[in-house]
Amino acid sequence: MLELANVEAGYGKLNILKKISLKVQQGEIVALIGANGAGKTTTLKAISGLIRTTGGKISFLGQDITSMASDARVRLGISQIPEGGKVFPQLTIMENLMMGAYTISDRALIEKNKNDVFEYFPVLQERKHKLAGTLSGGQRQMLAIGRGLMSNPKLLIMDEPSLGLAPLVVQEVAGIIKRLQGAGVTIMLVEQNANMALSLADRAYVLEVGSISLEGVAEELKGNEHVKKAYLGG
Amino acid sequence: MQELINGLVSGSIYVLFATGLTIVLGILDIPNFVHGETFMIGAFTAFFLVAGLGVHFILATIIAMLIVAVIGVVVEKISFKPLRGAPHVTLLISAIAMMLFLENLASLLWGNYNRTIDSPYTKQVVSFLGSTVSSQRLLVVLMAVLLIIALQLFIKKTKLGMAIRAMGQNPEVTQLMGVSIDRLTSFIFALSAALSAVAGSFLGSLFTLNPHMGLEPLLKGVVILVLGGMGSIVGAIVGGLGLGLVESYTAQYLTSAFKNSVAFLILIIILVIKPTGLFGQGGDQH
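Residue numbers (the numbering used here), protein chains in the order written: chain A, 1 to 234; chain B, 235 to 520.
Honestly, I wouldn't trust all of these hints.
Stated by the list, open to error - Using 25 angstroms as the maximum straight-line C-alpha spacing, the simulated PhoX-like pairs for lysine-lysine come out as follows:
id: 1; chain 1: B; residue 1: Lys315; chain 2: A; residue 2: Lys112
id: 2; chain 1: A; residue 1: Lys130; chain 2: B; residue 2: Lys393
id: 3; chain 1: A; residue 1: Lys229; chain 2: A; residue 2: Lys18
id: 4; chain 1: A; residue 1: Lys178; chain 2: A; residue 2: Lys23
id: 5; chain 1: A; residue 1: Lys130; chain 2: B; residue 2: Lys315
id: 6; chain 1: B; residue 1: Lys393; chain 2: A; residue 2: Lys86
id: 7; chain 1: B; residue 1: Lys393; chain 2: A; residue 2: Lys154
id: 8; chain 1: B; residue 1: Lys357; chain 2: A; residue 2: Lys86
id: 9; chain 1: B; residue 1: Lys357; chain 2: A; residue 2: Lys128
id: 10; chain 1: B; residue 1: Lys391; chain 2: A; residue 2: Lys130
id: 11; chain 1: A; residue 1: Lys228; chain 2: B; residue 2: Lys390
id: 12; chain 1: A; residue 1: Lys128; chain 2: B; residue 2: Lys393
id: 13; chain 1: B; residue 1: Lys315; chain 2: A; residue 2: Lys13
id: 14; chain 1: A; residue 1: Lys128; chain 2: A; residue 2: Lys86
id: 15; chain 1: A; residue 1: Lys112; chain 2: A; residue 2: Lys86
id: 16; chain 1: A; residue 1: Lys40; chain 2: A; residue 2: Lys13
id: 17; chain 1: A; residue 1: Lys178; chain 2: A; residue 2: Lys222
id: 18; chain 1: A; residue 1: Lys86; chain 2: B; residue 2: Lys493
id: 19; chain 1: A; residue 1: Lys57; chain 2: A; residue 2: Lys40
id: 20; chain 1: A; residue 1: Lys128; chain 2: B; residue 2: Lys315
id: 21; chain 1: B; residue 1: Lys391; chain 2: A; residue 2: Lys112
Since the hints were made in silico from the structure, they are not lab data.
In isolation and in its complexed conformation, chain A is listed as follows (with noise of 0.2 angstroms):
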């Protein structure tokens, strides 16, 4: 479904992305490992397009979108949802919402869309006319989540999202997105906390200094020793 090949990018004259290569198949969670610092959110940039790449390619569902614009990409079925939970804090819940569905015009959609997504998450239903600067991280973290989801994503991409939430907090978005994977969305996750991406994922890669260190079936990673110690605590 996405696949980058070969894919270099930095910042300037900072190449930060050392050809680095990897695939997410239909269906799949994909998770992508690595500290602060390695490469992470680099990566996720060169896949949304805010950053331009210096070398390689990225394909997505068979099409080259190296060079495509991001809007683009997302109406292609890329969604992305921001580490931290980062909403709109001045835009209402609602709005939040209906900024993720800024590509879709079809009303029907989206407001199927939105149901879905009040059904994920009863809490922000509740809340919807209130500002999203006014919720807690955790509801923050839901709010992005669903968010990401009103624009009918085909592959999502989350972005650290057990940063900063409580263990019950992130035991409930651990539920929500294998609900989402049994509902066919193909998932890419990207964690420092190697825990809970190892134990969801079906796949997982390892970056390191970017570059991947590491890949394989996440059960199998989860044995390894270097992952243990550097990603597991011990």
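Knowing the structure of chain A, use the given hints to seat chain B on it.
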């Protein structure tokens, strides 16, 4: 009474001008000093439509808004787009270059003398709150009120307006929603330039226009933004009307020679007492 009306009339022009300046600064974080020049070009466009082609003043103003909107988009592409993400100082230097270019081009093309835009309402008078006022001046206030209400409704109620508000809060996440930043930036510049053009056309119909008319409103626009708070439309409305009234009363009760310096006195006082302005949200925004 006459002072109040004078103040409201110039205040209305300031509000239109400053609103355009403030949306570009607040949403795109660009100090668009070319705003005074699109104001000047708006006045000249309306003038030539009225004087050369005999177009009615109101229609000429609308056409000027559309033409200048396009010029605003071109200015963004030339002066600011290549510098996206650059520090304010760099943007400012680029803006000043464009400002000087347009001012001198206008001076070369159209000559350094004063003209006035003809309007059928200038010679009509009406009685308003016990004073005699030209219909043209009332028209300016009325159109300003209507335009600002329309702008507020547009930003609050439409999908595009929502995207504009979202962009002011987080441009990167707005992009992740599938909004084309290039197209939205062009749109905001078009809107802003159109507001400067209508202000220019109004001013040119009540007073005079010449190629150098852009600098004074630009400087006052900066004062209004500091007074009202950077990027706040409500601030631009209150600041613009406030400045118009203060100037008018100064001219009446002190001396008209002091009228134009009062804005800068206000600037100094605000910077000392409340640097974030009346409706500003503080320095943590950008």
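Has the given pair, lysine 315 of chain B with lysine 13 of chain A, been kept, meaning a C-alpha gap of at most 25 angstroms?
-> 20 angstroms, holds
Are the Cα atoms of lysine 393 of chain B and lysine 86 of chain A separated by 25 angstroms or less?
-> Between lysine 393 of chain B and lysine 86 of chain A the Cα gap is close to 20 angstroms, so the pair holds against 25 angstroms.
Decide if the proposed pair is consistent with the structure: lysine 128 of chain A and lysine 315 of chain B, CA atoms, cutoff 25 angstroms inclusive.
-> The given pair, whose Cα atoms are some 36 angstroms apart, is violated under the 25 angstroms limit.
Do the alpha carbons of lysine 130 of chain A and lysine 315 of chain B lie within 25 angstroms of each other, as the hint requires?
-> Violated - the C-alpha atoms of lysine 315 of chain B and lysine 130 of chain A are around 35 angstroms apart, more than 25 angstroms.
Mind checking the alpha carbons of lysine 357 of chain B and lysine 128 of chain A for me, to see if they're no more than 25 angstroms apart?
-> 54 angstroms, violated
Does the structure keep lysine 393 of chain B and lysine 154 of chain A at a Cα separation of 25 angstroms or less?
-> 24 angstroms, holds
Holds or violated: lysine 86 of chain A to lysine 493 of chain B, with C-alpha atoms at most 25 angstroms apart = 47 angstroms, violated
Proposed proximity, lysine 86 of chain A with lysine 112 of chain A (alpha carbon, max 25 angstroms) | 24 angstroms, holds
Please work out if lysine 178 of chain A and lysine 23 of chain A have their alpha carbons no farther apart than 25 angstroms.
-> Holds: lysine 178 of chain A and lysine 23 of chain A sit about 20 angstroms apart, inside 25 angstroms.
Is the straight-line distance between the alpha-carbon of lysine 391 of chain B and that of lysine 112 of chain A 25 angstroms or less?
-> 22 angstroms, holds
Given the hint that lysine 315 of chain B pairs with lysine 112 of chain A, does the C-alpha gap stay at or below 25 angstroms?
-> 38 angstroms, violated
Measure nothing beyond the straight line between the CA atoms of lysine 130 of chain A and lysine 393 of chain B; if it is 25 angstroms or shorter, mark the hint as holding.
-> 18 angstroms, holds
Checked against the numbered hints given earlier, the structure breaks hints 1, 5, 8, 9, 11, 18 and 20 and satisfies all the rest.
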